[in-house]
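A.B. asks: Turn these sequences into a full structure, and let the hints steer you where they fit.
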Amino acid sequence: MNLSQTVLGITFDNPTVLVSGILGITSSTWKDVAKKGAGGITTKSLWAKEHRGHPNPTIIETEYWMLNAVGLPDAGPEKAKEEIGDFMKDHPVPLIANIVAGQIEEFAEAAKYIAPLGPDAFEVNISCPNVEDEFGKPFACSAPDAAKVTAAVRKVIGDTPMFVKLSPNVDNIGEIAKACQAEGADGFTVINTVGPGMAIDLRSRMPILANKVGGLSGRAIKPIAVKCIADVYAATDGKCPIIGTGGVYTGEDAIEMMLAGATLIGIGSAISRHGAEVFAQVCEGMQYWCTNEGIDTIADLIGGMHKELATRKS
Amino acid sequence: MSSISLQSRLPKTYRIKAITQETEMVRTYTFDGSLGAKPGQFLMLWLPGVDEKPFSVAFDDGSETKITFFAVGPMSEALAQSRVGDLVGLRGPFGTSYEWEAGDHIVLVAGGYGAAPMYFVASEAVKHGCTLEAIVGARGKEHLLYLKELESLKHVSLHVSTDDGSVGHKGYNTEVLDQLLEASADPDAADPPIDKVFACGPEMMLKSVLTVSEKHSVPCQLSLERYMKCGFGICGNCVMDPTGQRLCIDGPVVPGHICKKITEFGKYHRDDIGKKHEF
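Top to bottom, those sequences are chains A and B.
Sequential numbering of the first sequence, starting at 1, is according to the numbering used here.
Sequential numbering of the second sequence, starting at 1, is according to the numbering used here.
Calculated from the structure, these hints are not laboratory results.
Okay, derived cross-link-like pairs now, BS3-like style, lysine-lysine, Cα gap no bigger than 25 Å in a straight line:
hint: 1; chain 1: B; residue 1: Lys261; chain 2: A; residue 2: Lys79
hint: 2; chain 1: B; residue 1: Lys261; chain 2: A; residue 2: Lys81
hint: 3; chain 1: B; residue 1: Lys276; chain 2: A; residue 2: Lys31
To give an idea of the interface, some chain A residues facing chain B are shown, with a C-beta separation under 10 Å as derived from the structure:
hint: 4; residue: Glu61
hint: 5; residue: Val70
hint: 6; residue: Arg203
Listed next, the stretches of chain A that the computed footprint assigns to chain B, with coverage defined by at least 3 CB atoms under 8 Å from CB atoms of chain B:
hint: 7; region: 31 to 44
hint: 8; region: 264 to 271
Everything numeric in this text was worked out from a predicted model, so none of it was measured.
Built from N, CA and C at the ideal position, the CB exists for glycine as well.
C.D. replies: Given below as structure tokens:
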């Protein structure tokens, strides 16, 4: 079965995408991850100017969950130009440039310098839960704020497709998606990390992360991600492609996200257990499942749960 | 991949059991516990409330773990203030280790505090019938490490070099390596030929070890250093150009022929925000 899809005019050979924040610092890494099977790459969050992250420990993990407060470090435009420029020369798979900022106008500033580098799409990170001490509540926690950021970025990127990365840590994620859609968001990345959460060392009685709290990811968050994807899909009437992200380790995880409404599948934390080979493994799992179930077109899965529920109502 | 399941990715705190002052700036801390580290692997060491950094394992015998460090930055200076009984978090072990065959004749090249993991290699390799030539180099006599420990091992010959000539060969340890490999290539040499070169020290020294080993067609394994955060291959901070290899997974011990493919080797490294810095 062919796993390729054209999403917002961009052709992805398979639905898996490297999520932002994982392994995304250099062009060498993006190329390596693409070579190992990812259908698309998302850069680590890029700022309009250099930004320091948090001290270590920044990432800890158990079998069930991962907790991170890396704090969005980035060396700024000069490095981004060099790395994106290098990747776009070969352009093995689509590149999604993830941008972040503390102020609305800085989102536009970041988008403005990145747009001429020619990324296939933008992903606007308004939902990082571990820089609250620095910037307050994420923009993704308020529909008007999320809409303002979307509008500011749309103004400077022309027709380039834009995904807005949403937070699960809100009362009504669908309402926030709708507000962004109205201001020019083409699609959504659902979800950013959950929480934030905290882990304490028993003997020292200290929080382990230097930032004390961090975003929760890994296997444990998949049900939250599936629910949020379903909510965003329903709120936007299935018109906005969703990059479903959060706890995908297998082909069946990916299919569940597609049934909830995802078009593309973001993979991150699973790399810590399976390496970048996980992209190929998830694709193989999807192929196997679809072949067994007699499904010929991957796109038929998208929003499958909503369609099934609608059938049963009527 | 089997070692990954044994790896701890959440720090566990241990009390410092003993502190040895090796030189003015270098100390060895002993912890009562083992993470099952092999020679060449590293641990992430967390000083609660301060920072967490990668440290080479200086020794792990299955019941005790040692690290040897040089108080060089804010984290290691704070660590140097710790006392016996203080709590330090450890997670790992991470990365690759030095690999040898039973009965190998191995040269160890240690620069500065690289002597600590080289002693760990020697103490394990002699158990497998290996013969070792340990070249320990430093700026001067007062900076040499682990000489007594290396000397105490059977089947280990010690060679010393200092930049200032205060003891041993005056010059670089790589000059001693060149001489040993040259002598070993002589068909009339008394000792069996040298099978492998292992090195740990500053990157410019490693680059020179690679050149010298290649000249004599002897394979080498080099321990590299990059800025690390997670230690288990997902943050991407320690990736190297142009292969995109993660040093925490594909290193820190990297075979010489792979180092040759890493164009940044001996040229630059990246800091905590991914910015390049030349060596």
